[in-house]
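Each residue of the sequence shown is one higher than the one before, starting from 1 at the first, in the numbering used here.
A few of these clues could be false.
[To be verified] Restraint-style ranges between C-beta atoms, simulated for each label pair:
no. : residue 1 : residue 2 : range
1   : Gly-196   : Ile-261   : 18 to 26 Å
2   : Gly-212   : Lys-21    : 38 to 46 Å
3   : Glu-247   : Asn-67    : 50 to 58 Å
4   : Lys-205   : Ser-6     : 51 to 59 Å
5   : Ser-190   : Arg-268   : 25 to 33 Å
[What the hints assert, rightly or not] With a straight-line cut-off of 25 Å between C-alpha atoms, the simulated DSS-like cross-links for lysine-lysine are:
no. : residue 1 : residue 2
6   : Lys-24    : Lys-100
7   : Lys-24    : Lys-42
8   : Lys-47    : Lys-81
9   : Lys-81    : Lys-165
10  : Lys-100   : Lys-47
11  : Lys-100   : Lys-21
12  : Lys-27    : Lys-100
13  : Lys-27    : Lys-193
14  : Lys-243   : Lys-205
15  : Lys-217   : Lys-205
16  : Lys-19    : Lys-81
17  : Lys-19    : Lys-70
18  : Lys-233   : Lys-193
19  : Lys-191   : Lys-243
20  : Lys-243   : Lys-233
21  : Lys-42    : Lys-11
22  : Lys-233   : Lys-205
23  : Lys-38    : Lys-81
24  : Lys-27    : Lys-38
25  : Lys-56    : Lys-38
26  : Lys-11    : Lys-100
27  : Lys-165   : Lys-42
28  : Lys-81    : Lys-27
29  : Lys-42    : Lys-70
30  : Lys-70    : Lys-60
31  : Lys-70    : Lys-81
32  : Lys-243   : Lys-217
33  : Lys-81    : Lys-24
34  : Lys-11    : Lys-47
35  : Lys-47    : Lys-21
36  : Lys-233   : Lys-24
Hint data in this document are derived by calculation from the structure and do not stem from the laboratory. Built from N, CA and C at the ideal position, the CB exists for glycine as well.
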Amino acid sequence: MITSTSNNQVKHIINLNKKAKERKSSKEFVVEGIRMVKEAPKERIVKVYVSENYYKDNEKLILDLINEDKLEIVDNTVFCKMSDTQTPQGIMAVVAMENKSLEDIVSVKNTNKDLSDDKIKAPLLICLENLQDPGNLGTIIRMAEGAGATGVIMSSNTVDVYNPKTIRSTMGSLYRVPFVYVEDFYETISKLKDLGINTYAAHLKGENVYTGPDFTKPTAFLIGNEGNGLTDKASALASSLIKIPMEGEVESLNAAIATTILSYEALRQRL
Numbered sequence: 001m002i003t004s005t006s007n008n009q010v011k012h013i014i015n016l017n018k019k020a021k022e023r024k025s026s027k028e029f030v031v032e033g034i035r036m037v038k039e040a041p042k043e044r045i046v047k048v049y050v051s052e053n054y055y056k057d058n059e060k061l062i063l064d065l066i067n068e069d070k071l072e073i074v075d076n077t078v079f080c081k082m083s084d085t086q087t088p089q090g091i092m093a094v095v096a097m098e099n100k101s102l103e104d105i106v107s108v109k110n111t112n113k114d115l116s117d118d119k120i121k122a123p124l125l126i127c128l129e130n131l132q133d134p135g136n137l138g139t140i141i142r143m144a145e146g147a148g149a150t151g152v153i154m155s156s157n158t159v160d161v162y163n164p165k166t167i168r169s170t171m172g173s174l175y176r177v178p179f180v181y182v183e184d185f186y187e188t189i190s191k192l193k194d195l196g197i198n199t200y201a202a203h204l205k206g207e208n209v210y211t212g213p214d215f216t217k218p219t220a221f222l223i224g225n226e227g228n229g230l231t232d233k234a235s236a237l238a239s240s241l242i243k244i245p246m247e248g249e250v251e252s253l254n255a256a257i258a259t260t261i262l263s264y265e266a267l268r269q270r271l
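Generate the whole structure from the sequences, applying the supplied hints.
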């Protein structure tokens, strides 16, 4: 049993929670709670950590879930120090990252079970430029699964998807929605267009209301930074600028809400 915060494994987990650099160098991240641990792909689980009390109360569940050689029992006080939450659930896991390329993302088939066969292969991509809020990113990834998106593409300066807050917000969709960071966001937009994917920029100056275009064809939505929106260069590269009509004095919507509206319109058209 781990009984000290000086333990190297404890230090590693604390650093994984706090430092993107640690996550990137080790290619590992931490998930907390029984749901996130149960849904993690078994082959990617490096180690599971449980508090002493949680193990006593859930021994059979834990041993059914994970091999003993991948299990560590932790002193209750030490476990609280390891956790990123104020009220730890008593179980966490270190999970190996999965590497995807842009080619992997673009070639993924839409497997939404509610889509008709003739529409099932059309890519539906969400492209995020410089998104900064971890909760927004997590919500978008969770929504992407529900809307049947084939993948999420992010500029290199977008917030770390393995940030603990982002992970919690995904509610497990992190494991199932393919995503990739790209060094050159503008070049990526051009590549998508070359592949025959229509790129739609959510923009206040959009010429068309979002319900107008045909999203049953290969589609990518371009979503910008929470405060500043898309850069002019990204907007100029889009096939079309689209807008979400609004009443009152509201100028724009939260990035996650806007992405949800667009993505579910695409799903509605594809059903």
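How the hints compare with the structure:
Our hint of 18 to 26 Å for Gly-196 and Ile-261 holds, since their Cβ atoms are close to 25 Å apart. Take Gly-212 and Lys-21: their Cβ atoms lie about 44 Å apart, and the range 38 to 46 Å holds. In this structure the supplied range 50 to 58 Å holds for Glu-247 paired with Asn-67, their Cβ-Cβ distance being about 57 Å. Roughly 57 Å separates the CB atoms of Lys-205 and Ser-6, a value that falls within the hinted 51 to 59 Å.
For Ser-190 and Arg-268, the Cβ-Cβ distance of about 29 Å falls inside the hinted range of 25 to 33 Å, so the restraint holds. Between Lys-24 and Lys-100, the direct Cα distance comes to roughly 14 Å. Compliance with the 25 Å bound is thereby established for this hinted pair. For the proposed pair Lys-24 and Lys-42, the alpha carbon gap of about 21 Å is at most 25 Å, so the pair holds. Of the supplied pair hints, the one linking Lys-47 and Lys-81 holds, its CA atoms being roughly 17 Å apart against a limit of 25 Å.
A hinted pair counts as satisfied when its Cα atoms are at most 25 Å apart, and Lys-81 with Lys-165 qualifies at roughly 17 Å. Using a Cα cut-off of 25 Å, the hinted pair Lys-100 and Lys-47 holds, with the two alpha carbons roughly 22 Å apart. With a C-alpha separation of about 19 Å, the suggested pair Lys-100 and Lys-21 falls inside the 25 Å cut-off, and the hint holds. Restraint check for Lys-27 and Lys-100: satisfied, since their Cα atoms lie roughly 13 Å apart, inside the 25 Å limit.
Our distance criterion of 25 Å between C-alpha atoms is broken by Lys-27 and Lys-193, whose separation comes to about 31 Å. Our distance criterion of 25 Å between C-alpha atoms is met by Lys-243 and Lys-205, whose separation comes to about 7 Å. With a C-alpha separation of about 23 Å, the suggested pair Lys-217 and Lys-205 falls inside the 25 Å cut-off, and the hint holds. Annotation: proposed proximity of Lys-19 to Lys-81 holds, straight-line Cα distance about 15 Å (limit 25 Å).
Distance hint between Lys-19 and Lys-70 is fulfilled; the C-alpha atoms sit about 24 Å from each other, no more than 25 Å. About 15 Å separates the Cα atoms of Lys-233 and Lys-193, which keeps this hinted pair within 25 Å; it holds. Straight-line distance between C-alpha atoms of Lys-191 and Lys-243 comes to about 23 Å, which keeps the hinted pair within the 25 Å bound. For the suggested pair Lys-243 and Lys-233, the alpha carbons sit about 18 Å apart, so the restraint of at most 25 Å is met.
Simply put, Lys-42 and Lys-11 have alpha-carbon atoms about 24 Å apart, close enough for the 25 Å limit, and the pair holds. Our distance criterion of 25 Å between C-alpha atoms is met by Lys-233 and Lys-205, whose separation comes to about 14 Å. Taking the CA atoms of Lys-38 and Lys-81, the gap is about 22 Å. The hint holds against a cut of 25 Å. As the CA atoms of Lys-27 and Lys-38 are separated by approximately 20 Å, the hinted pair is consistent with the 25 Å bound.
Restraint check: the Cα-Cα separation between Lys-56 and Lys-38 comes to about 18 Å, which is no more than 25 Å; the hinted pair holds. Only pairs whose Cα atoms come within 25 Å are accepted, and Lys-11 paired with Lys-100 is rejected, the gap being roughly 28 Å. Restraint check for Lys-165 and Lys-42: the C-alpha separation of about 22 Å stays at or below 25 Å, so the hint holds. For the hint linking Lys-81 to Lys-27, the alpha-carbon distance of about 22 Å falls within 25 Å, and the restraint holds.
Restraint check for Lys-42 and Lys-70: the C-alpha separation of about 11 Å stays at or below 25 Å, so the hint holds. A distance of roughly 15 Å separates the Cα atoms of Lys-70 and Lys-60; the hinted pair therefore holds under the 25 Å criterion. A C-alpha spacing of about 20 Å is found between Lys-70 and Lys-81, which places the hinted pair at or below 25 Å, so the restraint holds. The suggested pairing of Lys-243 with Lys-217 holds, with an alpha-carbon distance near 19 Å, which does not exceed 25 Å.
At roughly 22 Å between alpha-carbon atoms, Lys-81 and Lys-24 fall within 25 Å of each other, so this suggested pair holds. As the CA atoms of Lys-11 and Lys-47 are separated by approximately 14 Å, the hinted pair is consistent with the 25 Å bound. Taking the CA atoms of Lys-47 and Lys-21, the gap is near 20 Å; set against the 25 Å cutoff, the hint holds. Under the criterion of a C-alpha separation no larger than 25 Å, the hint pairing Lys-233 with Lys-24 is inconsistent with the structure, at around 29 Å.
Of the numbered hints stated above, those contradicted by the structure are hints 13, 26, 36, listed in ascending order.
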